[in-house]
Amino acid sequence: MSALSDILCVFLGGCFGAMLRGFLSARFDGNILESYPWGTFAANMAASLLLGIGMGAMLSPAVPRAFGMFFDVGFCAALSTFSSLAWQIAELLRNKFYARTLVYAFATFAFGLVLFLIPYLVFGVFMA
Amino acid sequence: MGGFLRKQMHIWCVAFGGGLGALTRYAISSIIENGVLAVLVCNIAGSFLLAFFVELRKRVHPDFDRLVSVGFCGGLSVFASFSRNAVFEISHGRFLLFLLNVFGNFALCLLAILLAEYIAEKSAARKFFHPSRLSLLVSKFRRLGRGIFGGRGQ
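So the sequences go chain by chain: B and H. Residue numbers for the first sequence follow our numbering, so the first one is 1 and each next one is one higher. Residue numbers for the second sequence follow our numbering, so the first one is 1 and each next one is one higher.
None of these hints come from the bench; they were simulated from the model. Keep in mind that a hint or two might mislead.
Said to hold, decoys possible - Derived DSSO-like pairs: lysine-lysine, alpha-carbon spacing no greater than 27 Å straight-line:
(1) H:K140 <-> H:K58
(2) H:K122 <-> H:K58
(3) H:K7 <-> H:K58
(4) B:K96 <-> H:K122
(5) H:K122 <-> H:K140
(6) B:K96 <-> H:K58
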């Protein structure tokens, strides 16, 4: 029973995450050679921030396991993507936009870390 | 209701692909105990799939293309868990693992994309995925279907 509810939670979370990411990338990703792919960037950043909030909330034992499955394994993971990121980096490198590649990769990496860390630390302070 | 469902078909395709990708990632992470390694494997697999079918995807229905590329590959690969792992590695003082994780993810996913494109190009040159071969397969199935269900098919 637990396995079935896990599967359902992960699937539903994945559906919602992918829908939101699909909307963001369809709306805000332009031609990669003309501008930064803001949609994918926003999806990754939002996912990191929400995962930080979720992990912080999950420090409390009152939060059920199903929420972790839905939010962490399902929603946040499907909202963020690494395959599109790697594809965009490869495309930028192929067209010899080296500076833009570095800025995009480093910004995604650094802001992703920071946006996860801040809410997680805030929750840790309030929970302690 | 039916009209609404049909008009929004591309959205449901992305959602369904994302759900399937998330389930696949869940299965992989339950097989591979190490969380960091599981994320790495999922990211490499997602990147490889995305690049491998890039030529083939132009020949299928755009909704199916979205299901695979935006939905499944995006749901399979993950950035949020990667940054969480990186943060936890730094906070536990495992700097070597942190560096391995970061460079492993970026470098191996790029390599996976290049490798996938190379293999796809090779197999296209050998006409492995050539349309003529696909249509041959389709006509074989049609003939089989006519054999089973009688000769009313086209």
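We went through each hint and held it up to the structure:
1. H:K140 <-> H:K58: Holds, at about 23 Å.
2. H:K122 <-> H:K58: holds (17 Å)
3. H:K7 <-> H:K58: Given that 27 Å is the threshold and the Cα spacing comes to 21 Å, the pair holds.
4. B:K96 <-> H:K122: Answer holds: K96 of chain B to K122 of chain H is near 24 Å, not above 27 Å.
5. H:K122 <-> H:K140: holds (25 Å)
6. B:K96 <-> H:K58: holds (25 Å)
Hint compliance for this structure: every hint is met.
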